[in-house]
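Chemist: Starting from the given sequences, assemble the full structure and let the hints guide the process.
So you can see what is in the structure, the chains are spelled out below.
Number of protein chains: 2
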Amino acid sequence: MTSGPAATGPHVLRRINATAVLNALRAADGHTATVSDLVVATGLSRPAVTRALTTLAESGIAEFAGTTEHQIGRPAQRARFRAELGHVAGIDIGPHKLHVMTADLAGTVLAERRATTPPEPTGPRLVALLRATLADVAAEAGITPTDLWSVAVGTPGIVDHDRGEVVLAPSIPGWSSLPMIAELRDWLGCPVGIENDVNLAVVAERWRGEAGDNLLFVQWGERIGTGMVIDDKPYRGASSAAGELGFIDLVTDLDDEPKPPTDGLGAFERLVGAGEILRLGVQRCERPLRDRLTGTDDIGPLFDAAAAGDPAALSVVDTIATRFARGLAVQLLIMDPQCVVVGGGVSRAGDVLFDAVRRRLGRQLLVPIDLRVSALGAGNVALGAVRMALDQVEERLTALL
Amino acid sequence: MTSGPAATGPHVLRRINATAVLNALRAADGHTATVSDLVVATGLSRPAVTRALTTLAESGIAEFAGTTEHQIGRPAQRARFRAELGHVAGIDIGPHKLHVMTADLAGTVLAERRATTPPEPTGPRLVALLRATLADVAAEAGITPTDLWSVAVGTPGIVDHDRGEVVLAPSIPGWSSLPMIAELRDWLGCPVGIENDVNLAVVAERWRGEAGDNLLFVQWGERIGTGMVIDDKPYRGASSAAGELGFIDLVTDLDDEPKPPTDGLGAFERLVGAGEILRLGVQRCERPLRDRLTGTDDIGPLFDAAAAGDPAALSVVDTIATRFARGLAVQLLIMDPQCVVVGGGVSRAGDVLFDAVRRRLGRQLLVPIDLRVSALGAGNVALGAVRMALDQVEERLTALL
Numbered sequence: 001m002t003s004g005p006a007a008t009g010p011h012v013l014r015r016i017n018a019t020a021v022l023n024a025l026r027a028a029d030g031h032t033a034t035v036s037d038l039v040v041a042t043g044l045s046r047p048a049v050t051r052a053l054t055t056l057a058e059s060g061i062a063e064f065a066g067t068t069e070h071q072i073g074r075p076a077q078r079a080r081f082r083a084e085l086g087h088v089a090g091i092d093i094g095p096h097k098l099h100v101m102t103a104d105l106a107g108t109v110l111a112e113r114r115a116t117t118p119p120e121p122t123g124p125r126l127v128a129l130l131r132a133t134l135a136d137v138a139a140e141a142g143i144t145p146t147d148l149w150s151v152a153v154g155t156p157g158i159v160d161h162d163r164g165e166v167v168l169a170p171s172i173p174g175w176s177s178l179p180m181i182a183e184l185r186d187w188l189g190c191p192v193g194i195e196n197d198v199n200l201a202v203v204a205e206r207w208r209g210e211a212g213d214n215l216l217f218v219q220w221g222e223r224i225g226t227g228m229v230i231d232d233k234p235y236r237g238a239s240s241a242a243g244e245l246g247f248i249d250l251v252t253d254l255d256d257e258p259k260p261p262t263d264g265l266g267a268f269e270r271l272v273g274a275g276e277i278l279r280l281g282v283q284r285c286e287r288p289l290r291d292r293l294t295g296t297d298d299i300g301p302l303f304d305a306a307a308a309g310d311p312a313a314l315s316v317v318d319t320i321a322t323r324f325a326r327g328l329a330v331q332l333l334i335m336d337p338q339c340v341v342v343g344g345g346v347s348r349a350g351d352v353l354f355d356a357v358r359r360r361l362g363r364q365l366l367v368p369i370d371l372r373v374s375a376l377g378a379g380n381v382a383l384g385a386v387r388m389a390l391d392q393v394e395e396r397l398t399a400l401l
Numbered sequence: 001m002t003s004g005p006a007a008t009g010p011h012v013l014r015r016i017n018a019t020a021v022l023n024a025l026r027a028a029d030g031h032t033a034t035v036s037d038l039v040v041a042t043g044l045s046r047p048a049v050t051r052a053l054t055t056l057a058e059s060g061i062a063e064f065a066g067t068t069e070h071q072i073g074r075p076a077q078r079a080r081f082r083a084e085l086g087h088v089a090g091i092d093i094g095p096h097k098l099h100v101m102t103a104d105l106a107g108t109v110l111a112e113r114r115a116t117t118p119p120e121p122t123g124p125r126l127v128a129l130l131r132a133t134l135a136d137v138a139a140e141a142g143i144t145p146t147d148l149w150s151v152a153v154g155t156p157g158i159v160d161h162d163r164g165e166v167v168l169a170p171s172i173p174g175w176s177s178l179p180m181i182a183e184l185r186d187w188l189g190c191p192v193g194i195e196n197d198v199n200l201a202v203v204a205e206r207w208r209g210e211a212g213d214n215l216l217f218v219q220w221g222e223r224i225g226t227g228m229v230i231d232d233k234p235y236r237g238a239s240s241a242a243g244e245l246g247f248i249d250l251v252t253d254l255d256d257e258p259k260p261p262t263d264g265l266g267a268f269e270r271l272v273g274a275g276e277i278l279r280l281g282v283q284r285c286e287r288p289l290r291d292r293l294t295g296t297d298d299i300g301p302l303f304d305a306a307a308a309g310d311p312a313a314l315s316v317v318d319t320i321a322t323r324f325a326r327g328l329a330v331q332l333l334i335m336d337p338q339c340v341v342v343g344g345g346v347s348r349a350g351d352v353l354f355d356a357v358r359r360r361l362g363r364q365l366l367v368p369i370d371l372r373v374s375a376l377g378a379g380n381v382a383l384g385a386v387r388m389a390l391d392q393v394e395e396r397l398t399a400l401l
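Line by line, the protein sequences are chains A and B.
Position 276 of the first sequence, counted from 1, bears residue number 276 in full-length UniProt numbering, the numbering being contiguous throughout.
Position 128 of the second sequence, counted from 1, bears residue number 128 in full-length UniProt numbering, the numbering being contiguous throughout.
Hints listed in this document are in silico derivations from the structure and should not be mistaken for laboratory results.
Incorrect hints may appear among the rest.
Distance ranges between label pairs, derived from CB positions [as the list claims (entries may be wrong)]: (1) G295/A / R363/B: 32 to 40 Å; (2) D253/A / C339/B: 24 to 32 Å; (3) V367/A / D213/B: 26 to 34 Å.
Facing chain B, a subset of chain A residues (Cβ under 8 Å, in silico) [unchecked claim]: (4) I158; (5) I230; (6) Y235; (7) A238; (8) S239; (9) A241; (10) G243; (11) I248; (12) L271; (13) R323; (14) R326.
Where a beta carbon is used, it is the ideal one built from N, C-alpha and C, also for glycine.
Modeler: This is how it looks when you write it as structure tokens:
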């Protein structure tokens, strides 16, 4: 338990116990906890928990928050983590949109903003937009960016976790060679993590949404990516490149060579991504729906029309459901997960789309699958980045003890 | 370490130590080990290892096998596991062939036989063939089937490990509803395990072939199946149905509904399996090669001709390599393994095929892949079944102590 005389003594024990109680309080996700709750969560004695809470309160990390009256016995003392002590930011950056959230240290989102990226985005342009948007969102939460304790960034492509760099991101020219994380760290003076956007969506699902030990998560928006949870752990593959369903090719004639992509999109996402859904909508639907779908990135009106029985909109749903089920079936035949959760922008299309997908999937699989639509919608990557940023603040918190 | 007075005492300790030394001797895979080797392998003292070896020798499980002369010090006593004490059988059963091996308790194969299954195989016919073949192979090893200590069966399809039953095996009509394992157990009076054939091929690869912590194994023969090793553990999926690459559909027009298979073969294995390779060979090659490929299941002459520069044979290689690379690329984009090992009958096709596959794969992947050909060939499923059968004999061995 100890590594020598230097690591023992009441001071060290006090810090260890305070850290354990702090972690239990933080796990309450913004709620208060009684001393009894914390005794159960930490395995410490009641006096040790009370002493730890006093230490945390003296450091400004926690506070006592009134009592609960019991019918029998003394009132239960309640405590809470002072989540307002600091702030974190979660960022979702992609070829078409930027999404920035600030949250308190309990993960409660205080401000968020979505921005559309300029056409033909490049790395440096995206970083400039990111800095401006982060400053706006911080101001709305009453702070400046340099007040942030921790930031995490979700990005398309393959991330080198050891070096904190984007290794490959075909959808954003110049992105992978950019020292973006180092620049943000210099500017903000706090830890800045980076992670593949779909992996962060999975983090958000497990934090706030559907959970499962063996789960396939499909992020369906402009692009298609998947994240897998195997034995309750994220599976990233040997080169952090697993789950690239968006790049599988189901259309090139089998005896021909597939052509390399020219627009940064993979073969499958080009067939079922939000861009193709809108393109089919404009092509097949009549006015006024056609006009509403022209020059927008909002697929909502198309699926609303389909749900109301519009035949042209239904034909788009039919085409997209057929294609999506074909690609998803491939990954299900290979992975055999317990359930599939679909998130991302297209996940808001509703039952009209997903019932059609379920019908088509059934006929192509060897075992039935439980397909669910995420409750988190398109904000899940930024939310997963908030969660990652929260995981990075422990060191700064315990330094206060 | 102990569970009460009944579990202590010199008798129990002697059994525990003898079992530890026995396991270390068995891990030597048929070779002898010195007392010093066993001290290192078990962590027991030299006197304890010597006492354990005496116990094992008295039970007939091990024997002393001479000494090694050292230049300095006393000669090292050597011991060996008496692998001839019993026999196991490993069985690979499929829609077109049956492969039965008997081995001693060290896994040395003593006799093996391949049989071609009758056309239109049914479960009962296969069981009859299995019983006859097992009796032949046992006789060749000087025993009768009821002398076997343990048997394991590899089968296509999805296996319910809890119930020891085949749940789904579209390639053999009637197979999945058959109480085959229970019948074999009644006949043989020994443990009979059952496992998906491709999972057993992976077991054989890790026992006798290429090993890896994160590995995709592709069994390529008449059928296509894959086995994955993730974090050094076999990954079977939530319903033991993972890795069904043979069933992915890369040919049906994307906007059409895929048709259910009528011949038990999945869409992808119908395109690249040994049957299709031979069909293309007969279709494209001239006599006398065409005649050699007609009515056989041996693809060897086709690949020999391709390696020698025969243009028609090379065109078959080109078609098959292009198709196989397309399907494999899909699984690699999803799984991102450290390396791929190809086994099964087609793996013996040689560099002429696999160099072509490697060239085509490269252009479709986001990260490079290390593709290797298994050294074990088509016998890997039966060999993996032998390994599984060996894992089942521990109880019977320790009962002798």
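Chemist: Does each hint fit the structure? Answer for all of them.
Modeler: Do the hints match the structure? See the list:
| no. | hint | verdict |
| --- | --- | --- |
| 1 | G295/A / R363/B: 32 to 40 Å | holds (35 Å) |
| 2 | D253/A / C339/B: 24 to 32 Å | holds (29 Å) |
| 3 | V367/A / D213/B: 26 to 34 Å | holds (27 Å) |
| 4 | I158 | holds (7 Å) |
| 5 | I230 | holds (6 Å) |
| 6 | Y235 | holds (7 Å) |
| 7 | A238 | holds (4 Å) |
| 8 | S239 | holds (4 Å) |
| 9 | A241 | holds (4 Å) |
| 10 | G243 | holds (6 Å) |
| 11 | I248 | holds (5 Å) |
| 12 | L271 | holds (7 Å) |
| 13 | R323 | holds (5 Å) |
| 14 | R326 | holds (6 Å) |
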